[in-house]
Amino acid sequence: MQPVESNFFTIALIAYVLAMAAFFAYGWTRSDRTAKLGLALTAAGLLSHLVSLTARSIAAGRWPFANMYEFLSLMIFGIAFATLFAGTRMRMPGAGIFATPLIVVLMAYAFKIQKAAEPLVAALQSYWLQFHVATAILAYGAFGLSFAMAVMYLIKDRPGASNSGVKSLFPEPGRLDRLIYGTIAFGFAFQTLVLITGAVWAEEAWGTWWSWDPKETWALITWIVYAFYLHGWTRGSWRGRRGAWLAILGFATVMFTFFGVTYLMEGLHSY
Amino acid sequence: METIISKITDHFTSIRNVLTVLAFLGIASAVGTLIPQNEDAVFYTQRYGPNFGQLIINTGVANLFRSWWFTIAELWLVVSLLICTYYRGEFAIRLSRRDARKGLGAWGLTVLHVGLVFILVTLMFTPRAVHEKRVNAVPGEVAGLTAKGFPFDLRIKSFKVEYYPDGSPKQYITRCAVLENGKPVREADISVNHPLKHRGVKVYQMNYGTVLGGRLTVGGAIVPFQTIPDERPYPISSQYALLTRFYPDFVYDMNGHPATRSQEPKNPHVLWVLYRNGPVKMGILPIGKAGEIPDGEIVFNSFTQYTGLQVKRNPALPYTFAGFILATAGVFLYLIFNPRRTRIPAGNTTTAATN
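Chains L and P, in that order, give the protein sequences.
In terms of my numbering, the first sequence opens at residue 1 and continues consecutively.
In terms of my numbering, the second sequence opens at residue 1 and continues consecutively.
By construction, these hints were calculated from the structure, which means they are not laboratory data.
If you're wondering where the values come from, they're calculated on a predicted model, not measured in any experiment.
Possibly wrong hints are sitting among the right ones.
Unchecked claim - Anything over 10 Å on all C-beta distances counts as not near chain L; from chain P, calculated:
| hint | residue |
| --- | --- |
| 1 | GLY32 |
| 2 | LEU75 |
| 3 | ARG97 |
| 4 | ALA129 |
| 5 | GLN263 |
| 6 | LYS312 |
Unchecked claim - Reference listing, derived: stretches of chain P covered by chain L, where coverage requires no fewer than 3 residues with Cβ under 8 Å from a Cβ of chain L:
| hint | segment |
| --- | --- |
| 7 | 164 to 170 |
| 8 | 184 to 196 |
| 9 | 240 to 254 |
| 10 | 326 to 333 |
Even glycine gets a Cβ: it sits at the ideal position worked out from N, Cα and C.
Sequences and hints are given; from them, build the entire structure.
This is the structure:
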């Protein structure tokens, strides 16, 4: 593997670890400056992560969309970006307390399975690969953020506890609930596109747009869980704590689609 | 009459029922990935025991995604989607009159649901509407598709595998001529991700392999044969079967096992096992060299790459793609003109509007 790519990947990992430490400190000190430090470190991680991905793309002469390591790296990028977005535009740096540990764990695993870029097998040589993966990054980034916010909700809304300590950093439960809904709706829109671009591509490559392959079935199950959430939320019966638990279940299906199906089941997907 | 209709409508538009069906489809799909699908009956009774294995077969879990109960749940969802889309459409029209921008967002959700109807219906009916066949053919051969119910034949001109510099395969390309009534009407290259499209039929590059030609001489009688390297013995006459493995660039590896250095035919060898009611003899032979068998000899004198093509006519495909286009358009309309989100001028907070 190229030194530029691997060095910047290591720097990104270190930056994310430091960001996690800063966000933990923010939970303790509750000072805005610590939160800003956490966000700045997340941004630094994103930047060196981007350099690493770019170096890899240039070296391989293609987008880094082709194997488990590459997609995991992109998914982390999506979640880290969503965390930065939540901390700045949504003015909710507290999300970093729960998103950065997720980022660090996934990043450490990506670090372990790092490998040099290989040429694309025939089935992956398609324009649809780019749309398929790009939409997946947006969907999974949003789902990762909704997971962090759901954990925040469960802590904030814990019955009988006072609104002190780290809880004072989180938005009001009502607002948090709406933010989770909005984030999931955004992720769901892109998850729909993940399924459609995958189906169109499968039709070109294998002649069947849907074959109940384990990976595509689990991507559909993820879609169904979030469809359930959105409809349940709209009618009011799945808001609040129930909705937050459902958002966590949704992200668990995302993780299972990615890791569980890849390692436990056989199918047409290479990762 | 009106009460019956309104009762039916209530049944299909009840959010509680919609959630129940979604949960059912989600859980059933998960089960369908945990229990292997479409295996032989013996597989289930051996793996899950006679009773539970039989239960899996009888309840349709072994063919879950096409079982009657899974299909009923899908049909329920289609009816529900149709009725709800009607109401959604009405809502979108009302909202458009009040607020054109938000109305577009509501239209987005409506169009997405219409797209889902198309997708779901074609998902159920495609397996029943599709006409597909697998064909294997060697260069020079005419793949007779008209005999299999397709409107043209294919003359295979060449088949080649392209490699990357590191030796891994890059692309598989079949060059062929399309024949209508025996006359060539066009030439085409078929490769992975680039199927041939002709007269509503698509031809996909699926796989490839080697056909071995040879001759068996037993007790003075000569038996010419053609065989395909496979995991199982391949019958070559009424008495004999051959199991073969082909090594284009033969070498013994570090453990003394036969292997191939590359896919290029630099040193072609065949590992063979001859069967007659059971294994008779085995050996490894270079192409063109005879080997001894009881009361005779065996020789492999040719190897040709064949191309494996999937020929498919799917009349439902335009409707599926219409569904994809509608759903995609709906998603974008929703993302751009989200009907629920209204910006509060003072800050960045979002709020929900009532539906």
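Could you check the structure against the hints above and give me the numbers of any it violates, in ascending order?
1, 6 and 9
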